[in-house]
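K.L.:
Spelled out from the first residue to the last, the chains are:
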Amino acid sequence: MQGHEGLDIALLPLCLAAYGAATFAYAAMWRWRVRALHVVAPALLGVGLVVNLVQMTFRWVTVGQPPFKTLFESLILLAACIAIVYLVVEAVYRLRILGLPSALGLAGTTFYALAQVQKEAVNLPAALQSGWFIPHVVVYFFGYAALFVGFVAAALFLVRPAPIRLGRQDLTGEAHIDVEKLMNGAVRFGFALLTLGLLMGAFWAKDAWGDYWVWDPKETWSLVSWLVFATYLHLRFVSGWKGRRIAVVVVVGFAAVMFTYLGMQLLPTAGQSMHVYQ
Amino acid sequence: FLDDVFHSFGFSMVVGLGAGSLVATLFTIRRWTLRRIGIAGSHVGLVVILAGAAVGSVWGVKGRIELRVGQTADRFVKVGPGHEMEEALLGFTLRLDRFDLLYYEPDFRLRVYEILEDQEKLVVSVDPRSPAASDRLSRHGATLVGYWPDHSMRLEVEPAGQGQAGAAAALGIGAAGAPGDTTWLFDPGHGQVEYIRLTGGETLGFVWSKARADEVVARVASGKKGGPTHAIELEGARLEVEVGRTYALPGTDLTIRVLAAYKDFVIDPETKQPEERSSEPDNPALSVEISDSTGAILEKRWLFANFPGFGHKDSPSGPKMEYSYEGGTDAFSGGWLVVGELAEAWAIAPGTENRVVAAREGSTIEVGPHRLVVDSLLASAGVRYVHTSLSDKAVRPVAEISVVGEDQTRFLGVNQAASLPDGLVLALAPKGDDVRDYVSTLTVLEAGRERLVRKVEVNHPLTYGGFSVYQSEYDPRDTDFSGFEVVRDPGMWLVYLGFVLLIAGVTHVILVVPIADRLRRGRRASTMKGQADAGA
Ligand code: HEM
Numbered sequence: 001m002q003g004h005e006g007l008d009i010a011l012l013p014l015c016l017a018a019y020g021a022a023t024f025a026y027a028a029m030w031r032w033r034v035r036a037l038h039v040v041a042p043a044l045l046g047v048g049l050v051v052n053l054v055q056m057t058f059r060w061v062t063v064g065q066p067p068f069k070t071l072f073e074s075l076i077l078l079a080a081c082i083a084i085v086y087l088v089v090e091a092v093y094r095l096r097i098l099g100l101p102s103a104l105g106l107a108g109t110t111f112y113a114l115a116q117v118q119k120e121a122v123n124l125p126a127a128l129q130s131g132w133f134i135p136h137v138v139v140y141f142f143g144y145a146a147l148f149v150g151f152v153a154a155a156l157f158l159v160r161p162a163p164i165r166l167g168r169q170d171l172t173g174e175a176h177i178d179v180e181k182l183m184n185g186a187v188r189f190g191f192a193l194l195t196l197g198l199l200m201g202a203f204w205a206k207d208a209w210g211d212y213w214v215w216d217p218k219e220t221w222s223l224v225s226w227l228v229f230a231t232y233l234h235l236r237f238v239s240g241w242k243g244r245r246i247a248v249v250v251v252v253g254f255a256a257v258m259f260t261y262l263g264m265q266l267l268p269t270a271g272q273s274m275h276v277y278q
Numbered sequence: 001f002l003d004d005v006f007h008s009f010g011f012s013m014v015v016g017l018g019a020g021s022l023v024a025t026l027f028t029i030r031r032w033t034l035r036r037i038g039i040a041g042s043h044v045g046l047v048v049i050l051a052g053a054a055v056g057s058v059w060g061v062k063g064r065i066e067l068r069v070g071q072t073a074d075r076f077v078k079v080g081p082g083h084e085m086e087e088a089l090l091g092f093t094l095r096l097d098r099f100d101l102l103y104y105e106p107d108f109r110l111r112v113y114e115i116l117e118d119q120e121k122l123v124v125s126v127d128p129r130s131p132a133a134s135d136r137l138s139r140h141g142a143t144l145v146g147y148w149p150d151h152s153m154r155l156e157v158e159p160a161g162q163g164q165a166g167a168a169a170a171l172g173i174g175a176a177g178a179p180g181d182t183t184w185l186f187d188p189g190h191g192q193v194e195y196i197r198l199t200g201g202e203t204l205g206f207v208w209s210k211a212r213a214d215e216v217v218a219r220v221a222s223g224k225k226g227g228p229t230h231a232i233e234l235e236g237a238r239l240e241v242e243v244g245r246t247y248a249l250p251g252t253d254l255t256i257r258v259l260a261a262y263k264d265f266v267i268d269p270e271t272k273q274p275e276e277r278s279s280e281p282d283n284p285a286l287s288v289e290i291s292d293s294t295g296a297i298l299e300k301r302w303l304f305a306n307f308p309g310f311g312h313k314d315s316p317s318g319p320k321m322e323y324s325y326e327g328g329t330d331a332f333s334g335g336w337l338v339v340g341e342l343a344e345a346w347a348i349a350p351g352t353e354n355r356v357v358a359a360r361e362g363s364t365i366e367v368g369p370h371r372l373v374v375d376s377l378l379a380s381a382g383v384r385y386v387h388t389s390l391s392d393k394a395v396r397p398v399a400e401i402s403v404v405g406e407d408q409t410r411f412l413g414v415n416q417a418a419s420l421p422d423g424l425v426l427a428l429a430p431k432g433d434d435v436r437d438y439v440s441t442l443t444v445l446e447a448g449r450e451r452l453v454r455k456v457e458v459n460h461p462l463t464y465g466g467f468s469v470y471q472s473e474y475d476p477r478d479t480d481f482s483g484f485e486v487v488r489d490p491g492m493w494l495v496y497l498g499f500v501l502l503i504a505g506v507t508h509v510i511l512v513v514p515i516a517d518r519l520r521r522g523r524r525a526s527t528m529k530g531q532a533d534a535g536a
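Residue numbers (our numbering), protein chains in the order written: chain R, 1 to 278; chain C, 1 to 536.
Among the hints, erroneous ones may be present.
Claimed, not checked - The calculated EDC-like cross-link candidates involving lysine to aspartate or glutamate, where the alpha carbons are at most 16 Å apart (straight line), are: (1) C:Lys431 - C:Asp127; (2) R:Lys206 - C:Glu485; (3) C:Lys62 - R:Asp207.
Worth flagging that the hints you see were computed from the coordinates, not collected in a lab.
The whole structure should be built from the sequences, with the hints applied where relevant.
P.N.:
Now the structure itself:
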């Protein structure tokens with residue numbers, strides 16, 4: 001235990017380097033039309049993801065409990081989820097336009113993890129020793145990752161609402177990239193996961209304490225985030241909002257999600273919460 | 001209070017929203033499609049959840065039970081709407097048979113606190129095992145010199161340099177055939193003779209000079225029992241006393257009787273009686289009784305060698321006495337005596353012929369059945385304590401720290417603290433709430449008959465007779481105590497039904513419908529072009 005640094009931490013700079021290199025590769029696409037980049041960029045991101053997963057597995061095995069408890073651990077999980085969701089989106093929609101901001105987000109997340117390195121795991125309190133711990137957290141984090149991709153699309157749409165042309169030709173070779181459609185898909189998928197995570201949390205809380213809901217700040221804020229995205233769905237499909245207006249709703253929703261994720265420490269009641277990262 | 005307001009406010013907000021959206025959607029649906037079934041399902045789900053929660057809060061009951069091991073309860077305490085407590089019957093009886101409070105392996109942290117007016121604020125908490133610990137502490141004026149989770153000290157003896165303070169003659173003695181296991185005896189040149197007692201009762205003592213050895217021989221021959229001396233000092237006069245005897249106090253007409261003496265005085269917390277904590281003279285104490293010339297007892301008093309002023313405050317008018325204890329170990333009273341200067345060992349025992357054998361480094365001395373080897377014989381030795389950790393487990397953690405501006409390092413044991421510059425304090429503290437689990441073994445009784453035995457812990461409630469019993473509290477200082485939350489929630493299954501509807505509806509709309517659309521569109525791709533969002 002003394003002195004030696006586990007792979008979970010030792011690999012972090014490598015992970016950051018891979019995500020950073022992927023960022024540059026995706027950025028280069030905006031400038032040069034080099035086909036090789038279409039392979040190199042996702043490959044670098046994939047390398048980052050593999051390193052990321054090795055870190056998580058190593059920590060899980062050495063600590064002997066799911067590594068989802070501390071901020072550091074959750075950042076690693078979040079990065080892995082974002083990388084997976086992004087790569088799936090790129091493969092399914094054959095779109096590389098979100099590559100730069102997504103890879104940048106990944107590098108940022110990893111960098112933050114590096115700044116928050118926590119060598120040691122925190123012992124799980126009794127309440128977290130439950131079969132619901134893993135699905136609840138993993139579902140939420142995949143939801144966050146999907147909403148991150150939706151947010152990136154919304155931000156891009158707000159910056160360049162017209163069909164985007166990159167360099168002399170579109171990244172994909174297609175004439176039009178419907179960023180809005182991409183955003184909608186990601187947000188809907190993210191919302192489904194948010195719903196699932198929320199209900200699993202409530203079910204778990206009932207099993208652990210006898211109450212579905214105790215208005216813990218994180219619960220309250222996850223409800224707020226959920227309501228914002230529920231509003232999004234209604235505005236989009238009932239009221240027929242499109243374009244910039246709906247993209248703004250996504251940005252607001254993602255801000256609520258980020259506050260749910262990271263903002264809890266800032267609240268005065270943070271001390272009593274089950275949900276605040278150490 | 002705030003909680004309640006928020007609860008009801010948030011609650012009604014959600015109810016309104018859910019019900020409103022349900023009504024709205026059901027009204028707007030005119031043509032039922034696959035997609036609309038999903039939408040309806042999720043909205044109905046939401047309303048069912050809220051209805052279930054409402055049923056629970058209207059007809060449900062919630063309360064607490066506190067039990068100690070062996071106790072039973074047939075009722076619980078519920079908090080009424082106005083925060084008043086009332087008791088309610090369970091309809092059956094719960095007995096706590098056993099309570100287990102399980103801990104994680106302990107671990108410790110070095111913490112820097114800022115001491116404010118009425119509280120302490122944690123500035124930083126570092127793992128003393130982490131390589132970065134010293135660095136992180138250095139920002140607050142301390143560095144970590146060493147850390148031993150399972151601390152133990154080993155004595156290391158080496159020849160002393162010229163005029164080294166605290167140096168003493170030393171004899172290192174080992175058992176023949178067991179090298180490396182040396183016992184050390186020291187002779188500072190005055191006071192007692194240090195000796196070891198072997199199994200079987202044989203003793204071996206050590207002095208350096210022949211002159212000291214001769215004194216010892218003379219004392220042993222005289223047969224005088226050389227126990228520790230208790231001396232009472234009073235107004236410059238010195239009185240050596242023994243337990244059980246009465247003395248006249250010099251310079252007064254009082255007498256003093258010595259009732260008892262303790263080497264390591266402590267009050268037993270249970271019996272409230274004084275007793276010896278150890279056989280080391282760590283807290284020598286003397287119990288005395290002072291009488292006047294007529295024999296009337298004036299007072300009883302405890303005298304402590306380590307706390308000279310103690311007792312004066314209680315009896316300001318009485319004589320001011322101080323107690324000194326001399327002689328750490330019982331005196332050497334015969335056996336083998338190694339005389340360092342001569343490199344000899346003398347067999348001295350009252351009434352027997354004295355024998356002399358060589359005791360150079362490497363010599364073997366036969367002491368009864370034991371064969372001892374002289375490992376080292378030093379005229380002047382310095383002593384060094386070497387800190388080691390016997391294991392990697394945090395059994396008896398000790399940290400050595402260095403505070404800026406102090407030339408000596410300090411050792412911190414558990415919950416010990418050192419002051420740092422700028423009003424900060426550094427402490428070695430348990431890492432925290434390391435409770436791994438708490439488990440109650442509960443028996444359900446009805447009409448005195450045992451119905452059910454269950455282990456109840458967080459995440460594993462007991463359900464019986466319409467109630468669910470949740471493990472909710474423990475008290476680390478009272479390991480027989482266990483606290484429970486009891487809930488009767490008739491809305492629970494409604495809520496779960498709502499969960500299922502909501503999840504099914506949402507997944508249906510968001511995952512199933514688009515995939516179905518995509519497949520259909522794929523078939524009609526050529527004709528339907530341009531209606532990417534047809535499903536909307
Ligand atoms: C009422 C329902 C609940 C909701 C809405 C809820 C919401 C959330 C949310 C939004 C996250 C997101 C991940 C993050 O940002 O950290 C999360 C994580 C987490 N939840 Fe819940 N939760 C609920 C109940 C519970 C319960 C009952 C427990 C445990 C007994 C629990 C334990 C956790 C844990 C351990 C995490 C991972 C992050 C951390 O350790 O702080 N949650 N929850």
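K.L.:
Next, verify each hint and record whether it holds.
P.N.:
To see whether the hints hold, each was checked on the structure:
no. : hint                : result
1   : C:Lys431 - C:Asp127 : 9 Å, holds
2   : R:Lys206 - C:Glu485 : 12 Å, holds
3   : C:Lys62 - R:Asp207  : 15 Å, holds
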